[in-house]
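> If you're matching them up, the sequences are chains A and B in order.
Under my numbering, think of the first position of the first sequence as 1, with each following residue one higher.
Under my numbering, think of the first position of the second sequence as 1, with each following residue one higher.
Among the hints, a few may not be true.
Unchecked claim - Chain A regions said to be covered by chain B (calculated; three or more residues, Cβ under 8 Å):
1) 48-58
2) 77-91
3) 172-185
Stated by the list, open to error - Below, in silico cross-link-like pairs of lysine-lysine (DSS-like), each with a Cα-Cα straight-line distance of 27 Å or less:
4) Lys263/A - Lys197/B
5) Lys28/A - Lys90/A
6) Lys90/A - Lys169/B
7) Lys197/B - Lys136/A
8) Lys266/B - Lys263/A
9) Lys197/B - Lys169/B
Unchecked claim - The calculated label-pair distances, taken between Cβ atoms and stated as ranges, are:
10) Tyr82/B - Glu94/A: 48 to 58 Å
11) Lys156/A - Lys266/B: 32 to 42 Å
12) Ser212/A - Cys252/B: 51 to 61 Å
13) Asp285/B - Ile126/A: 56 to 66 Å
14) Cys252/B - Asp226/A: 21 to 31 Å
15) Ile126/A - Gln52/B: 25 to 35 Å
16) Ser75/B - Gln10/A: 31 to 41 Å
17) Lys60/B - Asp7/A: 31 to 41 Å
18) Lys55/A - Gln269/B: 40 to 50 Å
19) Lys206/A - Asn111/B: 32 to 42 Å
20) Ile39/B - Glu94/A: 34 to 44 Å
These are computed hints drawn from the structure, not numbers from a lab.
Beta carbons are placed, not taken as given, at the ideal position from N, Cα and C, and that holds for glycine.
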Amino acid sequence: MAISDKDFEQLRDFIYNICGMYFHTTKKYFLESRLTRRMEATGAKTYQDYFLMLKSPRGSEELKFLMDEITTNETYFFRNVPQLAALENKLLPELVEIKNKMGFRKLRIWSAASSSGEEAYTMAMILLEKRASLLKDWIIEIVGTDINETVVAQAKEGIYNAYSVRNIPDAYKRKYIREDNGKFILSPDVKKFVTFNKLNLYEDSKMIFMKSFDFIFCANVLIYFDTASKSKVVQHFYNNLQPYGYFFVGQSESLHGVNDKFKTVHFPGGFGYKK
Amino acid sequence: MDKNQMMERAEILVGAVDDLPTIPIVATKVLQLLDDPDISVEEIADLMLTDQVMTARVMKLLNSPVYKPTQEITSLKRALVYLGLRHIRELALTTSVINAFDGTSGALELNSFWEHSFGVGMVAKIIAQKIGYQDLEKAYISGIIHDLGEVFLSNFLRDPFMEVLEYIKTHPIKLVDAEEKLLGTTHCEIGLSMAHKWNFPDSYCDVIAYHHNPGQAKVDPVLCAIVNLADLFCTVRGLNYGGREWISFNLCEEEAWSILKNESPKLAQMDVERFCYELDDAIPDVTELVSAMFAPS
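All chains, full assembly: derive it from the sequences and hints.
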């Protein structure tokens with residue numbers, strides 16, 4: 001269903017203010033198609049009816065369904081290319097330099113909403129490529145956590161479909177992925193750097209033990225939390241980072257107004273939050 | 001390297017070029033006339049009409065989707081009435097600068113150069129608005145002309161400049177620092193030397209010379225800080241000469257950010273993330289504007 005530019009901006013502002021996710025104008029068509037599905041599901045006859053319902057007290061439930069539709073809930077390898085480029089070109093070399101000076105050659109990375117493991121394994125592949133140079137003799141630990149046990153089991157298994165692996169650069173694919181009957185099987189060389197566990201980000205007693213990370217990633221999850229929960233979880237991430245560490249959210253997400261301790265560091269096509 | 005030495009070197013390099021493009025006298029006169037509060041649209045239009053190239057480009061710019069006239073504007077006088085006198089200065093200066101370099105070829109691709117420049121102009125204007133800077137149009141023009149020195153390097157020092165561009169591909173340093181290292185001067189000093197030759201007003205000279213270190217600005221540090229910040233934002237949000245330069249910055253550590261926060265403390269509350277996303281959305285407008293300007297008549 002086509003909506004006017006004005007309605008699009010209204011919905012975009014609403015989603016941004018509540019969830020902290022920005023809808024680029026180029027995604028208007030996509031938003032419209034997902035909106036149609038939700039209007040059918042809820043029986044809303046016009047966009048205005050739907051929007052009024054979204055703003056009403058029972059709207060918070062519906063907003064979760066809408067966010068599910070528009071974030072597509074799918075993940076794949078090498079998803080956030082600008083973020084990975086920044087990590088590789090700048091943030092990782094800087095961190096290695098700091099830690100080398102301290103004589104502390106250990107790198108810890110946390111994929112805090114790891115789903116079926118693509119993000120954590122992407123990091124593992126990138127770091128593996130640096131094993132002979134920048135990260136020679138370094139201890140590498142990558143941890144993936146998710147609230148959903150099924151996806152944690154999938155992540156541990158490390159078997160993917162064509163959609164998940166479509167963005168992996170050929171050089172990486174040749175080295176780390178084996179194809180078998182339409183399934184894409186991850187090399188044990190990559191898997192051995194990553195451990196997966198079930199974790200609920202709301203559970204303070206567990207969160208305080210996730211210590212001393214250099215980089216933490218948490219994409220497309222905080223958008224489901226209300227502001228108070230978001231602040232609490234982000235504060236945990238802040239505490240769990242090393243003093244020079246970075247926290248990353250997903251493309252189009254924003255932490256504005258959630259935490260004023262992090263400093264925003266910009267790089268081409270994105271930004272990260274520095275402790 | 002010493003700033004004076006870099007300036008001396010820039011003067012020599014610019015002085016050695018015999019066919020340096022000129023800014024039409026008409027543009028300079030328009031700028032002077034606009035300082036007169038009693039000037040009329042008719043007088044300005046009459047003066048501008050004496051320069052056909054400028055008139056043609058002004059018309060093209062006005063009929064581009066960015067200005068979005070409801071119907072095509074065919075006369076210059078109507079155009080000036082439509083836009084209002086304040087915008088004429090912007091049009092006169094920018095069209096002349098563009099004309100001066102149109103058709104030239106150098107190490108940089110001209111369209112992506114202007115996309116960056118107009119992008120910085122647009123963002124500078126938005127930042128100026130946010131901090132309550134008194135002259136938004138000046139911020140816009142400053143953005144457009146801040147990197148003039150790059151066009152000179154690209155056109156008249158093509159080979160050494162190509163080496164600079166190659167160098168930054170493999171070394172994570174800023175373009176301006178690579179220029180200093182390899183050329184002994186930068187686009188800031190070169191641009192300033194050109195701006196002096198073209199009799200640009202002092203505040204524009206200041207922006208051209210100090211947009212990378214606004215704290216050292218002589219005339220208008222706030223304006224230089226606005227352009228510096230706009231430049232940084234454009235470079236990380238896709239208006240970066242086609243991916244020419246890889247930079248990163250931490251806003252809290254930027255001198256420009258401190259200068260502007262000092263000017264307008266509420267800037268500290270700015271939603272920088274959303275600002276970046278909105279900037280992504282505005283990029284098609286900028287590329288559309290630039291392609292409209294360079295479209296064949």
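> Determine for every hint whether it applies to the structure shown.
Right, here's what the structure says about each hint:
1. Residues of the stretch 48-58 of chain A with a Cβ under 8 Å from some Cβ of chain B number 0, which does not satisfy the need for three, so the listed coverage is violated.
2. A stretch counts as covered by a chain when three or more of its residues have a beta carbon under 8 Å from one of that chain; for the stretch 77-91 of chain A and chain B the count is 3, and the coverage holds.
3. Under the rule that three or more residues need a Cβ within less than 8 Å of chain B, the assignment of the stretch 172-185 of chain A is violated, with 0 such residues.
4. Between Lys263/A and Lys197/B, the direct Cα distance comes to roughly 42 Å. Violation of the 27 Å bound is thereby established for this hinted pair.
5. Restraint check: the Cα-Cα separation between Lys28/A and Lys90/A comes to about 33 Å, which exceeds 27 Å; the hinted pair is violated.
6. Taking the CA atoms of Lys90/A and Lys169/B, the gap is near 14 Å; set against the 27 Å cutoff, the hint holds.
7. The suggested pairing of Lys197/B with Lys136/A is violated, with an alpha-carbon distance near 55 Å, which exceeds 27 Å.
8. About 17 Å separates the Cα atoms of Lys266/B and Lys263/A, which keeps this hinted pair within 27 Å; it holds.
9. Taken as a hint, the Lys197/B and Lys169/B pair is broken in the structure, with Cα atoms around 33 Å apart against an allowance of 27 Å.
10. Distance hint check: the CB atoms of Tyr82/B and Glu94/A are about 51 Å apart, consistent with the given range 48 to 58 Å.
11. The hint said 32 to 42 Å for the Cβ distance between Lys156/A and Lys266/B, and at roughly 49 Å that hint is violated.
12. A hinted range of 51 to 61 Å for the beta carbons of Ser212/A and Cys252/B is inconsistent with their spacing of about 24 Å.
13. At roughly 35 Å, the beta carbons of Asp285/B and Ile126/A sit outside the given window of 56 to 66 Å.
14. Hint check: Cys252/B to Asp226/A, Cβ distance near 28 Å, so the stated range 21 to 31 Å holds.
15. Roughly 57 Å separates the CB atoms of Ile126/A and Gln52/B, a value that falls outside the hinted 25 to 35 Å.
16. At roughly 39 Å, the beta-carbon separation of Ser75/B and Gln10/A lies within the given 31 to 41 Å, and the hint holds.
17. Separation of Lys60/B from Asp7/A is about 33 Å and conforms to the stated range, judged on CB atoms against 31 to 41 Å.
18. The given range of 40 to 50 Å is broken by Lys55/A and Gln269/B, whose C-beta atoms sit roughly 25 Å from each other.
19. For Lys206/A paired with Asn111/B, a C-beta distance near 53 Å fails the hint of 32 to 42 Å.
20. For Ile39/B and Glu94/A, the Cβ-Cβ distance of about 55 Å falls outside the hinted range of 34 to 44 Å, so the restraint is violated.
When each numbered hint is compared with the structure, violations occur for hints 1, 3, 4, 5, 7, 9, 11, 12, 13, 15, 18, 19, 20.
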